[in-house]
Each structure stands twice: as C-alpha cells, then as structure tokens.
Amino acid sequence: MTEAMTPLHIAVLMGGWSAERPVSLMSGAGVADALESLGHRVTRIDMDRDVAARLAAARPDLVFNALHGSPGEDGTVQGLMDLMGLRYTHSGLATSVIAIDKVLTKQALVPHGVPMPGGRIVRSADIHQADPLARPYVLKPVNEGSSVGVAIVTEDGNYGNPIAPDAKGPWQEFAELLAEPYIRGRELTTAVLGDRALGVTELIPKNGWYDFDAKYTDGLTEHVCPARIPDEIADACKTLALEAHRLLGCEGTSRSDFRWDDERGVDGLFLLEVNTQPGMTPLSLVPEQARHIGMSYAELVQAIVDEAMRRPHGERPG
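Using this note's numbering, the first residue of the sequence shown is number -11, and each one after it goes up by one.
Worth flagging that the hints you see were computed from the coordinates, not collected in a lab.
Do not take every clue at face value.
Below, in silico cross-link-like pairs of lysine-lysine (DSS-like), each with a Cα-Cα straight-line distance of 27 Å or less [what the hints assert, rightly or not]:
id: 1; residue 1: Lys194; residue 2: Lys156
id: 2; residue 1: Lys194; residue 2: Lys226
id: 3; residue 1: Lys94; residue 2: Lys226
Small disclaimer: the values here were computed from a predicted structure and weren't measured.
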C-alpha cells in the first residue's frame, strides 16, 4: 500500500429503516467488499436503534456512511457521530439537514443564481379540493430522496380531477407535499467528487418516468454516459453541480439531478435536488461516471475515504 492507502479500521454503516433500506444494503455491501479488497479492516453495521453502542464497541478509525434517506442522510446520524467524536464520510450535520429538505435547498441555492423550479408547500388534504398549480405539476415529499413518493399530475392521468383521496400517491403518506411545475424534457444527473464534476449522464426510462423502481431495477432505465447533449448544457450541468456542492457545504460525493427542456437551450436547465449520500450500487450513477473517467469502483471508494481522513478531525463546513 502507498502512504495514502494506509490500512484502516472502517465501519460501514448501512441498512437502517428508511424506504431506501434495500438500496443502502447494496451500497454498503459493495463499499465493504471494495474496502476489504484494498486491505482495510471492515466492520459491517446494519443500523438499528443500538447503533451508538455498536459504533462505540467497534472504535473504528472512520465510519463510511452508506445510508440513504432518514435518519442516515438527514443529519440525525451525522449529529450522533459528531457527538461521539467519530470521523465519517460524506457531508456533515448542517449540510445534511439542508440538502434533504427541498425547500431549504431552494432557499440556499436560488438566491445565488442556481435555477430551480418554483413551487410551494401544500397540505395533502387540500389537493383533493383543487389543484395547487396548473396541470401538469409534480407532487413530492419535502424531505425524501430517490424519487420516493413522487407523483406527476397530468390532465389525462389516473389520479382523478381533483385528485381522489383513495388514489394511490404521496398524499396518503405525507401530511404536506411540495408542489412544483412539471418540466418537460430530459433527465440529467452530474456527480461531484471533492472539487471535481465527474460527468453528465442522461437517464431514459423504458416505461413512464424515472421513479424509484426505474432507478434501482436493472433494465428499466437506459443510462447514456456521457449524455448526448450540447457542450454548453454539459458544461452548465457541471458548473451548477459544483456550485451547489460548494454552497451547501457538501463533502465527499454528491449528485445533482436536473431536468432539461431541450426546446429552451440553457434557459431550460433546472436543478431538482442535491443528493448528499449518492447510491453506490452496481446501477448507481456515481460509480458509473467514475468508471467513465477511468476510476474503478475501489479507487472511488478509496478517494472518498482519503478525503474524509484529510479533513481536520471535528471540522466541517456549513
């Protein structure tokens, strides 16, 4: 091993109880296998309510946070590890709290010129009386990721008009939702590693749109990497992803998701959200973009570890 790859004892935190638990388990298994292949000692932890005791017993040099969704991505686990004095990968408490909340993310980024869709918070009970926006529009939970609980409401959709209370959708699970105008066009995403945007991928669902199942079911979505888009759009995606990463105080990796109305040029590009705990599964976008620039999965994992270990202990931006 080189000096930069000194063997460490790394606890890989995965699983949990969010809707994204299966994805997190796949991410964590991949990360743990890669770390072991690099010569690190790995303790796998499927997070439960006793996570603090298990981390204290393990006493790792570093925690690799492979959790997705709440409470591993929303600042809860980050605050716990801060209190315990543990080093960990990816973003810290303040950044995680802001980035998981789509409204707070808009408030942090839009004033700095980052284009994001407009929208407003609505009570789920109210949408059964009247549409909050002109159709088509999108309803999504304020603080979930990976397209969990997202509904696209169209004129000819099957939700009813107005939306029927018994129609299956996020209004049955969440008291409040974020309503945003629907942006026609193409789905793009850009991963950031440290201070570098890795690339731009276009996501083309085989059926419907890019929902949770399309993201994580093999064969349901075509990944075009690099995206076949004009250079000015690719450059804009990379610039905006880096700017969002910096403004939010993200660390390690992040992934910025965009919609691009290709009839409007660069004016049709909108940032939808920033994911501070991107997936690390075989279908995940960060490893895919890393491969495109010649970085293997294990090298990507090691780069995330190196970045976390270089950070002064206990010091985080945001």
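Hints that the structure is at odds with (numbers, increasing): none
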